[in-house]
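J.: Residue numbers (our numbering), protein chains in the order written: chain A, 1 to 337; chain B, 1 to 337.
Since the hints were derived computationally from the structure, they do not count as laboratory data.
Here a beta-carbon is modelled for each residue, glycine too, at the ideal position from N, C-alpha and C.
Certain hints may be false.
[Stated by the list, open to error] A short list of chain B residues far from chain A (calculated; beta carbon distances all over 12 Å): (1) Asn60; (2) Asp252; (3) Thr267; (4) Pro326; (5) Gln335.
[Unchecked claim] Restraint ranges, calculated between C-beta atoms of paired labels, are given here: (6) A:Thr267 with B:Ala185: 34 to 42 Å; (7) B:Pro120 with A:Thr309: 27 to 35 Å; (8) A:Asp190 with B:Ala185: 40 to 48 Å; (9) A:Ala32 with B:Arg305: 31 to 39 Å; (10) B:Leu29 with A:Arg313: 23 to 31 Å; (11) B:Arg154 with A:Gly310: 40 to 48 Å; (12) B:Ala188 with A:Ala233: 56 to 64 Å.
[Claimed, not checked] Looking from chain A toward chain B, a few residues come up when the C-beta cut is under 7 Å (computed): (13) Asn60; (14) Gly322; (15) Pro326.
Next come the chains, spelled out residue by residue.
Protein chains: 2
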Amino acid sequence: MMSGTGTNTVSVVDGSSLLSYEGVHDARLRVAERLVQTPVVRSEELDRLVGARLWLKAENLQRGGSFKMRGALLAVERLAGSGSRGVVAQSTGNHAIAVAMAAAEYGLPAVLVLPTDAAPTKVRRIRDAGAEVLQAGTVLAERIAVVDELKAARGLDEIDPYQNPDVVVGQGTATAELLHQVHAAGGALDAVVVPVGGGSALAGACLATRGHGIDVIGAEPAAVPALTAALRAGEPVTVDPRPTIADGLRPDRIGRLPYDLAHQTVTGVVTVDEDAIAEALRLILIRARLLVEPAAATALAGALRIAATGRARDIGVLISGGNVEPSLVAALLDQRS
Amino acid sequence: MMSGTGTNTVSVVDGSSLLSYEGVHDARLRVAERLVQTPVVRSEELDRLVGARLWLKAENLQRGGSFKMRGALLAVERLAGSGSRGVVAQSTGNHAIAVAMAAAEYGLPAVLVLPTDAAPTKVRRIRDAGAEVLQAGTVLAERIAVVDELKAARGLDEIDPYQNPDVVVGQGTATAELLHQVHAAGGALDAVVVPVGGGSALAGACLATRGHGIDVIGAEPAAVPALTAALRAGEPVTVDPRPTIADGLRPDRIGRLPYDLAHQTVTGVVTVDEDAIAEALRLILIRARLLVEPAAATALAGALRIAATGRARDIGVLISGGNVEPSLVAALLDQRS
Numbered sequence: 001m002m003s004g005t006g007t008n009t010v011s012v013v014d015g016s017s018l019l020s021y022e023g024v025h026d027a028r029l030r031v032a033e034r035l036v037q038t039p040v041v042r043s044e045e046l047d048r049l050v051g052a053r054l055w056l057k058a059e060n061l062q063r064g065g066s067f068k069m070r071g072a073l074l075a076v077e078r079l080a081g082s083g084s085r086g087v088v089a090q091s092t093g094n095h096a097i098a099v100a101m102a103a104a105e106y107g108l109p110a111v112l113v114l115p116t117d118a119a120p121t122k123v124r125r126i127r128d129a130g131a132e133v134l135q136a137g138t139v140l141a142e143r144i145a146v147v148d149e150l151k152a153a154r155g156l157d158e159i160d161p162y163q164n165p166d167v168v169v170g171q172g173t174a175t176a177e178l179l180h181q182v183h184a185a186g187g188a189l190d191a192v193v194v195p196v197g198g199g200s201a202l203a204g205a206c207l208a209t210r211g212h213g214i215d216v217i218g219a220e221p222a223a224v225p226a227l228t229a230a231l232r233a234g235e236p237v238t239v240d241p242r243p244t245i246a247d248g249l250r251p252d253r254i255g256r257l258p259y260d261l262a263h264q265t266v267t268g269v270v271t272v273d274e275d276a277i278a279e280a281l282r283l284i285l286i287r288a289r290l291l292v293e294p295a296a297a298t299a300l301a302g303a304l305r306i307a308a309t310g311r312a313r314d315i316g317v318l319i320s321g322g323n324v325e326p327s328l329v330a331a332l333l334d335q336r337s
Numbered sequence: 001m002m003s004g005t006g007t008n009t010v011s012v013v014d015g016s017s018l019l020s021y022e023g024v025h026d027a028r029l030r031v032a033e034r035l036v037q038t039p040v041v042r043s044e045e046l047d048r049l050v051g052a053r054l055w056l057k058a059e060n061l062q063r064g065g066s067f068k069m070r071g072a073l074l075a076v077e078r079l080a081g082s083g084s085r086g087v088v089a090q091s092t093g094n095h096a097i098a099v100a101m102a103a104a105e106y107g108l109p110a111v112l113v114l115p116t117d118a119a120p121t122k123v124r125r126i127r128d129a130g131a132e133v134l135q136a137g138t139v140l141a142e143r144i145a146v147v148d149e150l151k152a153a154r155g156l157d158e159i160d161p162y163q164n165p166d167v168v169v170g171q172g173t174a175t176a177e178l179l180h181q182v183h184a185a186g187g188a189l190d191a192v193v194v195p196v197g198g199g200s201a202l203a204g205a206c207l208a209t210r211g212h213g214i215d216v217i218g219a220e221p222a223a224v225p226a227l228t229a230a231l232r233a234g235e236p237v238t239v240d241p242r243p244t245i246a247d248g249l250r251p252d253r254i255g256r257l258p259y260d261l262a263h264q265t266v267t268g269v270v271t272v273d274e275d276a277i278a279e280a281l282r283l284i285l286i287r288a289r290l291l292v293e294p295a296a297a298t299a300l301a302g303a304l305r306i307a308a309t310g311r312a313r314d315i316g317v318l319i320s321g322g323n324v325e326p327s328l329v330a331a332l333l334d335q336r337s
């Protein structure tokens, strides 16, 4: 299952043999010792309810509380090795936490730019890692403007959450590790479902599954259907975002690099509404005893939809993170208590 | 670390070479394929807050939602092999879920006797497994009376949660597996903290750690200090239980077999109040992203107290289960939101 099929090396950026099946699987081994090998959680209860076998890649148990630590470590490692004076990144939260933690490990200063409505838990975690937080606007373009200023004014190196090849490859290692673990457990996936914000998880999953005959399905909130819009338009387009509890999936546009890497490979996209995200969050909490953030619940909600079609029996789900406000969890549980 | 030190074989029941270090470690391998090898979860965030290294044995991710599946499988296997017509057990919940699931796997009918105030989630899970539920009184003696009636009237075999050697050995495999996993990760425990209800986890942990030089510490709710009372009296005594959210730790008396196996080995007992249990449940949920039941939170609360003394750096915690009412979780989160 892990044997190479890497004749399809993608070369959309300079020197990007990195952006390949081999690049992702090599990176998996390279980052392993600095990361948690998160468990793949199986739940008989959940499987019975769902009518499929779910393989939950529990990156909510990852360092920094999300799979974004993977790409951040690879990207910061490269910059630290080339004499960077510090890093800057914009993010809705998890990429920022990850960059802050990775920068601290390499002794680099870090500035993170978040939306003004970022989850307070995420802001706290970034500051806990010793990094500087700036909050700017609520949409991607506003954060990018601040990042551009900081790059010019302070000579910082940007770690873009969607355009940086190390980040995309690093995020792909989560799916690569999932495949490795499912294989070791004697299983084989029919499909893998990943949440879609800026698209790095999706692009990474497309690279990691190449040649395995596994459907790759993106799940996004109906409130911010950036992948649906991009696939329809044939290129990344900016959508008009409506409010969503999935704060990690608020980017209103798919990144160009993830789009280029994924659009021919991705099997489909599932849009899920807010009720389905909330229900999936409750379901995995009570039935699989994992606290996940709404972005991860979006992937699970997508997997439930795929399971209901009966077309996939073994479904991998990238449980992308677990950084969620306690008050939101309480409110979601109260709705059903 | 796993080398035998088994000269201390305990023989408190007939033919009980089973009740030994080797018995527990052999049983670990025997039940492994029918169980989840639950992960040992590490959390940098939690460790930083606590000032120790916690190794959380996440049996909330076990089949049936608790470590009780371990003992139930071993006990039911033996009974099924000797021609049993069916099984009966009393329990505050998790042992009953486990016996119901194990009996179903071996095609045996099962009747489970729970208190009238048992957690509804637990009652539902037992019925989901196809077993019969009877609810009787709120204290141990009332349930035992019903079990005795059923044994006589229906010819059922009892699987006592505290007195059955297979159960005690099975529960011990959770600690045995924890030691194995910590060793494989290059670590070594100074102490292991287990929750104490009827005492099977404690007795199992005492067997599993024999010769390792690891402190074994029981954690119990201050509301039901049955182990504290037993150690003081020099024998199991019945305490007058006050209300506790730790429904799994309501037995008002330590079992004779667990007491005999543990009382000379156990390093100490920590009693924790209701606020500490609630705070520990919130802490592991938000910081380690694991949903645990209050019994497991009691063990964590005990570990926090041990960590605060500075006398143990690497502390294993038996996160015994995750069967908790959603409404209780919501209420606990609301208290702090």
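J.: Against this structure, judge whether each hint is valid.
T.: These are the hints, each one checked on the structure:
no., hint, in the structure
1, Asn60, "violated, 5 Å"
2, Asp252, "holds, 28 Å"
3, Thr267, "holds, 29 Å"
4, Pro326, "violated, 5 Å"
5, Gln335, "violated, 9 Å"
6, A:Thr267 with B:Ala185: 34 to 42 Å, "holds, 37 Å"
7, B:Pro120 with A:Thr309: 27 to 35 Å, "holds, 33 Å"
8, A:Asp190 with B:Ala185: 40 to 48 Å, "violated, 32 Å"
9, A:Ala32 with B:Arg305: 31 to 39 Å, "holds, 34 Å"
10, B:Leu29 with A:Arg313: 23 to 31 Å, "holds, 30 Å"
11, B:Arg154 with A:Gly310: 40 to 48 Å, "holds, 42 Å"
12, B:Ala188 with A:Ala233: 56 to 64 Å, "holds, 57 Å"
13, Asn60, "holds, 5 Å"
14, Gly322, "holds, 4 Å"
15, Pro326, "holds, 5 Å"
Of the numbered hints listed earlier, those contradicted by the structure are 1, 4, 5, 8.
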